[in-house]
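K.L.:
Chain by chain, the residues:
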Amino acid sequence: MVPVKKAAAKKTGAAKPAARKAAAKKPAAKPVRQTNKPAAAKAPQPALPGLETAEPVPAAVAETKPRKGEPPARRTAIDMAAAQREISVAEFFTKNRHLLGFDNPRKALLTTVKEAVDNALDACEEAGFLPELRVELIQTAENRFTVIIEDNGPGIVKAQAPKIFGKLLYGSKFHRLKQSRGQQGIGISAAAMYGQLTTGQPCKITSRIGAKHPAHYFEIMLNTQKNAPEVTRELEIEWQPEHGTKVEIALEAIFQRGKRSVEEYLDQVLVANPHVTLHYKAPDGDWSHRERATQQPPIEAVAIKPHPYGVELGMLMQMFKTTVARNVHGFLCHEFSRVGGGVANEICAAAKVPASRPPRNVTRQEAEALYTAIQQTKIQRPPTNCLSPIGEELMLAGLKRLVPDAELYTAVSRVPAVYRGNPFLVEAAVAYGGKLPCEEPAELIRFANRVPLQYQQSACAISKCVTGTMWRNYGLNQPKGALPIGPLVVTVHIASAWVPFTSESKEAIASYPEITKEMKLALQECGRRLGMHIRRQGRLADAEKKKSYIKTYIPQLVAALQDILKFNDKQRDKAVASLTDILERTRSID
Amino acid sequence: MEKHDKKPAVTNAGDKRVIARITEEADGIYQRILKSQKPEISFPVRALSNVKYDERLGYFEIGRQKKHRTMSVGTIKTFAQTMRLMALSKELVETDDFATKRDAYYQSKNWEEARFDAQEESDAVMDDIEALFSTSGVSREELRYYPDEHGGQVAGQLIVIDRDWETKKTIRIDCTAFGSGAYSIPSSVEHFGFETKAKFILAIETGGMFQRLAAHNFWKKANCILVSMGGVPTRSCRRFIRRLSDEKKIPVYVFVDCDPYGIANIYRTLKVGSGNAAHVSRFFSVPKAHFLGVTPNDIEDFKLPTHPLKEIDIKRAKDALKNDPFFKRHKPWQKAIDKLMGMGVRAEQQALAKWGLNYVLDEYLPRKLREPGKFLP
Numbered sequence: 001m002v003p004v005k006k007a008a009a010k011k012t013g014a015a016k017p018a019a020r021k022a023a024a025k026k027p028a029a030k031p032v033r034q035t036n037k038p039a040a041a042k043a044p045q046p047a048l049p050g051l052e053t054a055e056p057v058p059a060a061v062a063e064t065k066p067r068k069g070e071p072p073a074r075r076t077a078i079d080m081a082a083a084q085r086e087i088s089v090a091e092f093f094t095k096n097r098h099l100l101g102f103d104n105p106r107k108a109l110l111t112t113v114k115e116a117v118d119n120a121l122d123a124c125e126e127a128g129f130l131p132e133l134r135v136e137l138i139q140t141a142e143n144r145f146t147v148i149i150e151d152n153g154p155g156i157v158k159a160q161a162p163k164i165f166g167k168l169l170y171g172s173k174f175h176r177l178k179q180s181r182g183q184q185g186i187g188i189s190a191a192a193m194y195g196q197l198t199t200g201q202p203c204k205i206t207s208r209i210g211a212k213h214p215a216h217y218f219e220i221m222l223n224t225q226k227n228a229p230e231v232t233r234e235l236e237i238e239w240q241p242e243h244g245t246k247v248e249i250a251l252e253a254i255f256q257r258g259k260r261s262v263e264e265y266l267d268q269v270l271v272a273n274p275h276v277t278l279h280y281k282a283p284d285g286d287w288s289h290r291e292r293a294t295q296q297p298p299i300e301a302v303a304i305k306p307h308p309y310g311v312e313l314g315m316l317m318q319m320f321k322t323t324v325a326r327n328v329h330g331f332l333c334h335e336f337s338r339v340g341g342g343v344a345n346e347i348c349a350a351a352k353v354p355a356s357r358p359p360r361n362v363t364r365q366e367a368e369a370l371y372t373a374i375q376q377t378k379i380q381r382p383p384t385n386c387l388s389p390i391g392e393e394l395m396l397a398g399l400k401r402l403v404p405d406a407e408l409y410t411a412v413s414r415v416p417a418v419y420r421g422n423p424f425l426v427e428a429a430v431a432y433g434g435k436l437p438c439e440e441p442a443e444l445i446r447f448a449n450r451v452p453l454q455y456q457q458s459a460c461a462i463s464k465c466v467t468g469t470m471w472r473n474y475g476l477n478q479p480k481g482a483l484p485i486g487p488l489v490v491t492v493h494i495a496s497a498w499v500p501f502t503s504e505s506k507e508a509i510a511s512y513p514e515i516t517k518e519m520k521l522a523l524q525e526c527g528r529r530l531g532m533h534i535r536r537q538g539r540l541a542d543a544e545k546k547k548s549y550i551k552t553y554i555p556q557l558v559a560a561l562q563d564i565l566k567f568n569d570k571q572r573d574k575a576v577a578s579l580t581d582i583l584e585r586t587r588s589i590d
Numbered sequence: 591m592e593k594h595d596k597k598p599a600v601t602n603a604g605d606k607r608v609i610a611r612i613t614e615e616a617d618g619i620y621q622r623i624l625k626s627q628k629p630e631i632s633f634p635v636r637a638l639s640n641v642k643y644d645e646r647l648g649y650f651e652i653g654r655q656k657k658h659r660t661m662s663v664g665t666i667k668t669f670a671q672t673m674r675l676m677a678l679s680k681e682l683v684e685t686d687d688f689a690t691k692r693d694a695y696y697q698s699k700n701w702e703e704a705r706f707d708a709q710e711e712s713d714a715v716m717d718d719i720e721a722l723f724s725t726s727g728v729s730r731e732e733l734r735y736y737p738d739e740h741g742g743q744v745a746g747q748l749i750v751i752d753r754d755w756e757t758k759k760t761i762r763i764d765c766t767a768f769g770s771g772a773y774s775i776p777s778s779v780e781h782f783g784f785e786t787k788a789k790f791i792l793a794i795e796t797g798g799m800f801q802r803l804a805a806h807n808f809w810k811k812a813n814c815i816l817v818s819m820g821g822v823p824t825r826s827c828r829r830f831i832r833r834l835s836d837e838k839k840i841p842v843y844v845f846v847d848c849d850p851y852g853i854a855n856i857y858r859t860l861k862v863g864s865g866n867a868a869h870v871s872r873f874f875s876v877p878k879a880h881f882l883g884v885t886p887n888d889i890e891d892f893k894l895p896t897h898p899l900k901e902i903d904i905k906r907a908k909d910a911l912k913n914d915p916f917f918k919r920h921k922p923w924q925k926a927i928d929k930l931m932g933m934g935v936r937a938e939q940q941a942l943a944k945w946g947l948n949y950v951l952d953e954y955l956p957r958k959l960r961e962p963g964k965f966l967p
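Top to bottom, those sequences are chains A and B.
The numbering used here puts the first residue of the first sequence at 1, with every later residue one more than the last.
The numbering used here puts the first residue of the second sequence at 591, with every later residue one more than the last.
None of these hints come from the bench; they were simulated from the model.
Among the hints, erroneous ones may be present.
[Unchecked claim] Derived PhoX-like pairs (lysine-lysine); straight-line CA-CA distance at most 25 Å:
1. B:918 with B:908
2. A:566 with B:667
3. B:905 with B:925
4. B:699 with A:547
5. A:547 with B:811
6. B:628 with A:545
7. B:893 with A:546
8. A:574 with B:628
9. A:321 with A:281
10. A:547 with B:900
11. A:178 with A:480
12. B:929 with B:944
13. A:551 with B:699
14. B:811 with B:944
15. B:918 with A:547
16. B:900 with B:838
17. B:811 with A:551
18. A:546 with B:925
19. A:570 with B:839
20. A:547 with A:517
21. B:918 with B:893
22. A:551 with B:628
[What the hints assert, rightly or not] Some, not all, of what chain B presents toward chain A, calculated at C-beta under 8 Å:
23. 610
24. 617
25. 619
26. 667
27. 670
28. 674
29. 701
30. 898
31. 901
32. 904
Just so it is clear, CB atoms sit at the ideal spot from N, CA and C, and this is done for glycine as well.
I would like the entire structure built from these sequences, with the hints used as guidance.
P.N.:
What follows is the structure, given as structure tokens:
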């Protein structure tokens with residue numbers, strides 16, 4: 001254990017017992033819990049998108065309806081009911097591990113590192129510590145690795161640790177609207193589960209929440225049937241850091257370098273997170289240390305209430321059930337951002353629903369009328385303090401860490417915009433020239449909430465916007481519908497309280513028109529600055545070329561004159577000198 | 591050119607004039623350099639927009655517009671090449687030799703960085719030099735640059751008086767005596783003499799039609815000289831027809847396809863010259879030429895099979911009506927082109943074969959030749 005010396009450590013005595021991922025405050029909605037109710041009686045849970053597909057129940061019920069006048073079915077509904085049981089989330093994902101990014105051993109290694117790093121950074125930032133991470137990959141057998149990720153975050157209170165690492169869909173970030181890396185509460189527990197499935201080993205956690213507290217060590221297994229943690233070992237141990245968490249997962253994996261590798265991912269993390277210090281040890285190498293490029297922590301994002309435009313009908317109906325408001329008017333004002341008394345009245349009037357109606361009595365039809373009315377009412381844009389952009393200056397600092405010797409760096413941070421009621425903000429930066437390869441397509445680095453995206457590049461809105469930008473206008477070659485060719489690195493970052501990914505594995509961003517518009521504007525601005533630079537370079541090169549031109553052709557011209565006019569070599573030299581002078585003069589005028 | 595290391599003194603007055611002109615141009619540039627002024631050359635602008643058509647003169651004349659090429663970083667290479675080519679020209683005159691355009695291109699390979707990378711480049715510079723000297727009446731042939739292509743083929747009642755290049759002896763060439771072949775016009779025809787009793791020259795667009803007429807001795811029946819142009823006629827072909835018709839005072843009838851290319855490119859270029867080379871029209875145009883056919887009226891009168899006009903045909907025709915001083919001057923031509931556009935078709939001269947392979951010489955040409963007054967101008 002290497003001690004982590006941090007100024008911030010002084011404050012740790014007062015460190016709130018904030019649990020990472022675990023909700024610090026009580027969430028408005030009930031925590032998601034797997035119940036033991038009979039599956040047939042279970043209503044789809046809106047908080048678990050996609051999981052309804054795992055419920056085979058309605059179809060089974062329909063099939064087994066007894067029919068009069070026909071020979072009795074071979075199996076009765078009662079027989080079949082015996083086979084009908086709940087499918088745990090963990091079981092579902094065991095069979096569908098590709099949905100979470102564990103398709104193959106190579107990707108599994110990346111996803112595991114990525115989930116652990118995302119969590120560590122979120123925790124550090126939320127607690128106000130400048131993150132310092134240690135990432136270590138140890139090869140234990142041909143296809144076996146142990147991943148160790150250690151942070152200097154706030155640590156995890158003893159009671160929460162098992163659930164965080166041993167229960168899927170458990171977390172603090174799903175129920176709030178605020179920019180963070182994790183969203184769903186699946187990632188790290190899925191990584192632990194993958195490790196357990198492939199090696200049979202538990203996930204090992206060491207955590208300490210402050211100097212006055214002891215460090216705890218856990219070994220946690222995940223009961224995939226119950227989606228519940230089982231702590232197989234628990235100790236109080238000596239640990240040097242005053243606060244922080246260390247996660248150790250053994251898994252089946254393959255380590256490779258290059259595209260879509262762990263190392264590329266870590267490099268890119270440093271681009272989007274210039275405030276991070278990283279210590280990294282490859283399976284076949286020594287520790288490498290990269291110091292943070294700035295002491296400035298990211299702007300803290302504030303959790304906001306949902307904006308009415310971003311709420312769907314089902315969600316609205318759910319909210320009517322759980323609200324503490326006593327009438328629809330109060331509900332609208334209290335549960336949403338940017339809804340005041342006037343707007344609430346407007347919505348009720350447009351929906352022809354009495355403002356005084358208690359929310360629990362709102363019928364489905366009325367809810368639908370309210371939903372429609374919301375879409376038609378003019379409501380102020382949501383607040384944007386739920387966002388934490390990187391900022392132009394730090395985008396550049398991050399990019400310089402990756403590409404230290406380019407000719408030009410430029411970054412653009414757009415103002416916040418809104419899609420479906422969700423505020424978001426786009427940032428783009430480019431590095432050009434230097435030692436970057438000239439004949440290859442530009443390198444594109446995509447970020448969502450400071451997390452690098454590595455897979456599904458072609459399906460991503462960012463790629464579509466980069467290939468859809470007319471780089472030719474800025475002096476680069478660009479094959480039709482492809483990335484521009486040239487010594488160029490393009491980075492695009494989208495920050496949002498809710499990033500619209502195309503799948504749970506968070507690999508590509510959906511193409512909402514509002515989002516692509518912002519991306520294009522950011523890229524075009526970068527492009528314009530790049531174009532100015534390239535043109536200036538072109539002019540300088542032209543001037544150089546002209547100079548050598550003069551040297552090359554003046555003697556030729558004078559030699560021809562000498563052929564015709566038969567003057568002597570002294571006169572020839574004089575003419576060359578005079579002509580050089582004439583042309584040099586005109587060049588400086590140009 | 592090692593053979594000609596010793597330069598014989600130039601005695602010929604024409605050659606002396608050429609050398610004087612080249613020296614004058616070079617000295618102009620040299621003097622400006624010595625005075626620290628930017629050297630400059632002025633060329634006449636070579637385009638239809640700088641062309642005058644005078645009906646009495648009968649050919650395109652280049653206008654007064656000049657383009658000034660000032661020496662700068664951008665033009666220094668072209669300047670050097672221009673001066674190099676002029677120096678080569680002077681040497682050719684002094685040694686009484688010549689170079690084809692291709693020869694000149696290869697000569698440039700001795701000029702180190704000023705060499706030409708493709709013949710198009712040397713041709714373009716040569717065109718400029720030609721235009722420059724044409725204003726003082728010096729032709730490209732006098733500068734000793736000869737075209738690579740020879741001129742076309744001749745059959746009929748004509749004796750060409752040529753000379754042997756080495757022995758300088760006179761040679762008489764009888765153009766009726768080539769059997770199934772034909773006499774081929776060389777690249778320079780300045781020194782030719784002619785003997786003929788033919789009544790007209792028939793200039794034919796395609797080699798195929800020429801062969802048919804020559805093989806059936808049409809020249810004997812019609813007492814004429816047949817010339818195959820093979821598309822747009824080369825300079826020497828035009829010069830040959832021009833000199834022959836001028837010296838022997840015989841008319842020229844032109845027989846081409848009925849399409850905008852045959853009319854606006856082949857015929858117009860033969861008769862009055864082209865926009866690009868208006869500076870040489872006075873040497874190469876054939877003002878005595880008249881358009882025998884195929885005319886738009888012929889398509890109807892002889893019920894010829896046709897093809898639809900292509901897009902490029904229509905563009906060419908519109909351009910001729912709008913921008914070409916020759917067609918703008920002649921109402922009958924405007925009517926004919928309008929008519930062709932209205933019909934939307936074109937007809938090749940070989941379309942006459944529809945009525946029999948020899949219909950053209952048994953029927954079409956005799957019928958047309960009965961009324962030469964009706965030929966288009």
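K.L.:
So, against the hints stated earlier in the document, which numbers end up violated here?
P.N.:
Structure breaks hints 5, 7, 9, 10, 11, 15, 16, 17, 18, 19, 20, 21, 23, 30, 31 and 32.
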